[in-house]
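Here the protein sequences line up with chains P and S, keeping their order. Just so we're aligned: 88 in the working numbering is position 88 of the first sequence, and the numbers increase by one with no gaps anywhere. Just so we're aligned: 6 in the working numbering is position 6 of the second sequence, and the numbers increase by one with no gaps anywhere.
It is possible that part of the hints are untrue.
Pairs of lysine to aspartate or glutamate, EDC-like flavour, derived with a Cα cap of 16 Å [claimed, not checked]:
id, chain 1, residue 1, chain 2, residue 2
1, S, 166, S, 268
2, S, 265, S, 236
3, P, 144, S, 49
4, S, 265, S, 240
5, S, 203, S, 245
6, P, 144, S, 48
7, S, 203, P, 50
8, P, 141, S, 316
9, P, 62, S, 316
10, S, 337, S, 25
11, P, 144, S, 44
12, P, 62, S, 48
13, S, 308, P, 61
14, S, 286, S, 316
15, S, 265, S, 235
16, S, 45, P, 142
17, P, 141, S, 44
18, P, 32, P, 8
19, S, 308, P, 67
20, S, 308, S, 49
21, S, 265, S, 179
22, S, 176, S, 262
23, S, 258, S, 238
24, S, 45, P, 61
25, S, 308, S, 48
26, S, 286, S, 48
27, S, 227, S, 240
28, S, 45, P, 146
29, P, 141, S, 49
30, P, 144, S, 316
31, S, 288, S, 83
32, P, 141, P, 67
33, P, 17, P, 37
34, P, 141, S, 48
35, S, 4, S, 33
36, S, 4, S, 27
Just so you know, these hints were derived from the structure itself, not from any lab. These figures come from a predicted structure and were not determined experimentally.
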Amino acid sequence: MSDIEIVENLRRDLGEKAIELSNPGVRRIFVKVAPRDLLPAITLLRDKYDCAYLATISGVDKGDAFEFLYHFASPVANINLRTEFPKSEPRIASICAVIPGAVLYERELQDMFGVLVEGLPDPRPLVLPDDWPAGQYPLRKDWKFERPQEVIPGGKS
Amino acid sequence: MNFKIPIGPQHPALKEPISLRMTVEGEVITDVDMRLGYNHRGLEKLAEDRNWIQNIYLTERICGICSHSHATCYVQGVEKLMELAPPRRGLYIRYLVSELERIHSHLLWLGVAGHEAGFDSFFMYTWRDREVVMDLLEMISGNRVHYAINTIGGVRRDLDAGQIAKIREGIVTLRKRSEYYFYIGANEPSFVARIAGVGFLSKENAVALCAVGPVARASGVARDVRKDDPWAVYDEIDFEVATADSCDVLGRVVVRVKELLESYKICEQLLKSLPAGDIAVKAPRKAKPGEVVSRYEAPRGENIHYIKANGTDKPERLKVRAPTLANYPATVEMLRKGFIADIPLIFAAIDPCICCAERTVTLIAAGSGEESVVRMSDLRRRAIARHQNAPVKRNAVWPL
Chain P
1 MSDIEIVENL RRDLGEKAIE LSNPGVRRIF VKVAPRDLLP AITLLRDKYD
51 CAYLATISGV DKGDAFEFLY HFASPVANIN LRTEFPKSEP RIASICAVIP
101 GAVLYERELQ DMFGVLVEGL PDPRPLVLPD DWPAGQYPLR KDWKFERPQE
151 VIPGGKS
Chain S
1 MNFKIPIGPQ HPALKEPISL RMTVEGEVIT DVDMRLGYNH RGLEKLAEDR
51 NWIQNIYLTE RICGICSHSH ATCYVQGVEK LMELAPPRRG LYIRYLVSEL
101 ERIHSHLLWL GVAGHEAGFD SFFMYTWRDR EVVMDLLEMI SGNRVHYAIN
151 TIGGVRRDLD AGQIAKIREG IVTLRKRSEY YFYIGANEPS FVARIAGVGF
201 LSKENAVALC AVGPVARASG VARDVRKDDP WAVYDEIDFE VATADSCDVL
251 GRVVVRVKEL LESYKICEQL LKSLPAGDIA VKAPRKAKPG EVVSRYEAPR
301 GENIHYIKAN GTDKPERLKV RAPTLANYPA TVEMLRKGFI ADIPLIFAAI
351 DPCICCAERT VTLIAAGSGE ESVVRMSDLR RRAIARHQNA PVKRNAVWPL
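Make a model of the complete structure from these sequences and hints.
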């Protein structure tokens, strides 16, 4: 299946759900859907476009909104599904029911962006330490790292 | 009664900080919990503060074994963003180094697999031969680990006729040795008996859990980015995707040895048709706003970088997914129903390594979560008592 055919098929299958559909490079297809259409779109990709393989999920902080990109790959193309939701309401549905291999990526997004992934089978923190302060989300653009003052035990006061 | 055995994050024999908590019933693992993040360096955040050139060297330091993979994945993405077309010769040299890196990584892994299976002469042979390819890499780039050969728009060092002849010679030696390993791997009965049927991962699970690289290919999923998404030179090269359908550690050994042989083939083709000309073009300092998904087949599986530019000399976002992370859910599945003695072998088979059984263990009563450190002698006494009273391994299931 060539890129043009995939784009046409996607346009037909997704219909109104596809807000944006582009093909910027060879075997690279970007589709934008609303958060509520995410699960049906992923189910469609998995069942009809041979995209059972989720490469990863990227999160982007766009100022007043978060954008998540679900990078799928089939043997013929790399389909990237993107969705955007406002920062004031940082929650999105988990896709683990459809793609069981997504659990680690979704846990990482929860840690790094402070987005609540609803319905995650295992919502514990993944990469941040246990004593990490609450409400600190490192990959948000407004988060800056400040090196804590080094205190030498028993050293000069 | 079941116990939880924690392995790591700090362990005398553990090369990487990861924590595995095994719930065991007798010798059989019933559940596995994995905790990550002990080595998290905040690299994606750091990349947003560095310019395009600095980030090459930053991404190179993600991993020590497949340093070139991350740098190449990043560089080929940035080239697409900047709409650069690197010269053919530069590309050929870049992917020649990629294949040499795959060879050194797979030889290293074969040695580790031999070591974990108790076949130490195999380990010493493969690591001796790995020095051949390490010397070649040092000759090409000047470094054994971080080759630093990539730059945006091409590579930084050219090859001369003498170096090409040396690489050819080295590949002849390595191919002879690898064929011998292939023979040994398939014919040494004790080695085969140790690794066959261990760490079973069905094809359905490999697909569902998004496994990548040799782990997926050993379960019969022919997923190789070099074939599925051929970029740069790979559409001009003739090679096969190595697969196996035994779905166990034996399959993973076979896949990696086959891939070694394919990599020699690729190297020879690249050297044979090495075009003349420049090795790099000048890159602009800034990239236009845009985004790109760059994929690369690292020795351990698919490497994917998502790069977003905002028009400045720094990336807006750099997302890196290394292949090992993708293989963790599959590893949990492999360890389940396996034996404690197989943990090092199964875990090593995805390519990070952890080995040996515990000397002193912390026992956590599975119900209450209470921890107590026991001495080996106590543990032994308890084990004897348990085995005297309990029917031995009644619910042990051989993984096959």
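Here's how the hints hold up against the structure:
| no. | hint | verdict |
| --- | --- | --- |
| 1 | S:166 - S:268 | 12 Å, holds |
| 2 | S:265 - S:236 | 13 Å, holds |
| 3 | P:144 - S:49 | 11 Å, holds |
| 4 | S:265 - S:240 | 10 Å, holds |
| 5 | S:203 - S:245 | 8 Å, holds |
| 6 | P:144 - S:48 | 11 Å, holds |
| 7 | S:203 - P:50 | 15 Å, holds |
| 8 | P:141 - S:316 | 10 Å, holds |
| 9 | P:62 - S:316 | 10 Å, holds |
| 10 | S:337 - S:25 | 10 Å, holds |
| 11 | P:144 - S:44 | 13 Å, holds |
| 12 | P:62 - S:48 | 14 Å, holds |
| 13 | S:308 - P:61 | 11 Å, holds |
| 14 | S:286 - S:316 | 12 Å, holds |
| 15 | S:265 - S:235 | 14 Å, holds |
| 16 | S:45 - P:142 | 11 Å, holds |
| 17 | P:141 - S:44 | 12 Å, holds |
| 18 | P:32 - P:8 | 15 Å, holds |
| 19 | S:308 - P:67 | 12 Å, holds |
| 20 | S:308 - S:49 | 14 Å, holds |
| 21 | S:265 - S:179 | 13 Å, holds |
| 22 | S:176 - S:262 | 13 Å, holds |
| 23 | S:258 - S:238 | 15 Å, holds |
| 24 | S:45 - P:61 | 12 Å, holds |
| 25 | S:308 - S:48 | 10 Å, holds |
| 26 | S:286 - S:48 | 14 Å, holds |
| 27 | S:227 - S:240 | 8 Å, holds |
| 28 | S:45 - P:146 | 13 Å, holds |
| 29 | P:141 - S:49 | 11 Å, holds |
| 30 | P:144 - S:316 | 15 Å, holds |
| 31 | S:288 - S:83 | 9 Å, holds |
| 32 | P:141 - P:67 | 13 Å, holds |
| 33 | P:17 - P:37 | 7 Å, holds |
| 34 | P:141 - S:48 | 10 Å, holds |
| 35 | S:4 - S:33 | 10 Å, holds |
| 36 | S:4 - S:27 | 12 Å, holds |
In terms of the numbered hints stated before, the structure departs from none.
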